[in-house]
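Peer 1: The primary structure of each chain is shown beneath.
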Amino acid sequence: MIAVILRRLMLGVVTIACVYTLTFLMVITIPGNPLRQSDRNLPPEAEQALRVRYNMDNNWLYFRQFIVGAVHGDFGPTFTYADWTCSQIIADALPVSVVLGFLAVLFAVVVGVPLGVISAVKRGGALDLASLSLVLTCMSLPTFVTGSGLLIVFGVYLQWAPVGGWGTVAHLPLPALTLSLPFIAYIARLTRAGMLDVLGSDFIRTALAKGVSRQSAVWNHALRVAFLPVLSYLGPAMAQAMTGSFVVEKVFGVPGLGQHFVNAALNLDAGLILACVLVYSTILVAFNLVVDVLYGWLDPRIAGAV
Amino acid sequence: MPSADTIFSGGTLRSMRRLGKRYPSAVVAAIVLFSMVTAGAASLPYSVRWFNVQDLGAGIRHAPSITPAVPEEPYLPDRSDLEATELGALGGAAYRLTSLLGHDDLGRSLLYRLLPGFLVSLGIGLGAAVMAIIIGVLWGAVAGLIGGRLDSLMMRVVDVLYGLPYILMVILLKIALTRPLTSLLGDRTRYAEVLILFIAIGGVSWLTMARVVRGQVLALRNRAFVEASRLCGAGTWHILRRHIFPNLAGPVIVYGLLVIPQAILQESFLSFLGIGVPQPIPSLGRLAADGVEAVNAFVGFWWLLVFPCATLVVTLLALNIIGDALRDAMDPKSRAASLLA
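Chains as they are written, first to last, in my numbering: chain S, -16 to 289; chain D, 43 to 383.
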């Protein structure tokens, strides 16, 4: 098992290196020079100094310097925010996004899995139809609509939650719920499909024949197997929820990481783009590793074969 | 319970009828979608004329009403010209509907922004799906058919691309494509931007398609008819064209269909961030995003949020339901008999 984990870890590092190289190539080939964006006319000396400061003269040097710095936790300067470094921005925003994303995925599992199980067991019935329409609606509503809707209902009319901002526990539920809706939909569908596969298999029939209650057959025997596809989805889901929350952040005024993904790309802020991509792929690789370990624990058959 | 084979045996019409019997919701969804497309297409002569006609007087944020809110001049600038043509007879009737869904903050008719906006969104979705299909099928088919080193290399590339944050890539692709395409298309920049949008969305949506296709090709390439063809001396391209591609059609159509709602949703996010379709071209995402802004400022302007969102949801629901039904019909596993059902 340890050998498997080590192998996966190495593969992850290779993936991160590839992602970094690819993003770097994209960033340096996309036209657009941030120093030329403003109307100011820079004196040549100043421009030269800035080019040196932002590593714009020597791409290969920048490539090496950035990754060496990143390993030490230093992502270098950003074009956009004068008094900040990329590391400070990430350190500021990452905890917010991690809390929000984790809550959202947790909520999605807690709601989505039972939803999927029930709709598989009551297949074709009214409950299945109800949960299916709920799932499809969750999938079909853009987050900015659900977020604004929740904000208007619970923030403005009922005043159960603050209208926006960040800092107290009361700020958490609405953005987390909004962020979790698409994940609820996906997890419910995965669970339903997995359960439909499993419920027809021999070991469930055996369990029922041996006198295991229907409840136990569904929730203990079948779900344990049907949960596996959900588990492997949780890795990417975590990474996405922790970094792709820009719409939710914009609607609720949450100072998270997602906005930097969008703004860095829009501003062609090379340092911040690279920092964001590295953070994203590190989170992705880390969670995929965790998921793999959990997978082996849930399904001992594949422990050696990952 | 009929299996996939019995559903798809016989002619196209018969299998479609059988599909409809199994999945009545998909039939309803298809009818809804079709009538929306028809309405959008039929109103095109008027909406092209009116989608950007502004009236900062009586029309500004006018609530929905059956009678037009705005005097006729801004809407029918060349009325005599219109009446002279065949369109003119219907033009009056179309004009009377302008205030049906209310007006936005520039006094533009929401109805005549929503109808073409629906077509624009659907077009972006279709374009992205076609992009995803072209890249995904070629990539997956080549990887699966040639196999070996190249296969694992190509699939590693897909893995790495999965490791890139989606939205960042869409934006970077959009920025990268904007300059060459606008210089190519000259002053039709606005339409170039719509094109760029679906190329960018499609350019990041082909990964799942490539995986599905590769899996399918791996299953197909060891089948007897492919080996027979190879024994007869057929080349890779011939095998791809004659034996692999026709057999891929089913799953490719299903996954392509599921790309459409995703692409429409992506476009709406981009529009919400202000980098979607350029003003004043309407799209469902842009209209919903504008509505969110209007309602956040003052809840009274409900129609600016409700109608675009309802259209968006109905469109996506319909597409998802049809895609789901087709996937269900293609996949015999999903209908495995269940003891507990």
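None of these hints come from the bench; they were simulated from the model. Note that beta-carbon positions come from the ideal geometry of N, C-alpha and C, so glycine has one too. Careful, some of the hints might be misleading.
As the list claims (entries may be wrong) - Only some residues are given here: those of chain D computed to face chain S with a beta carbon under 10 Å:
id, residue
1, V202
2, F267
3, S310
4, M372
Peer 1: Return the numbers of the hints above that this structure violates; sort them in rising order.
Peer 2: 2, 4
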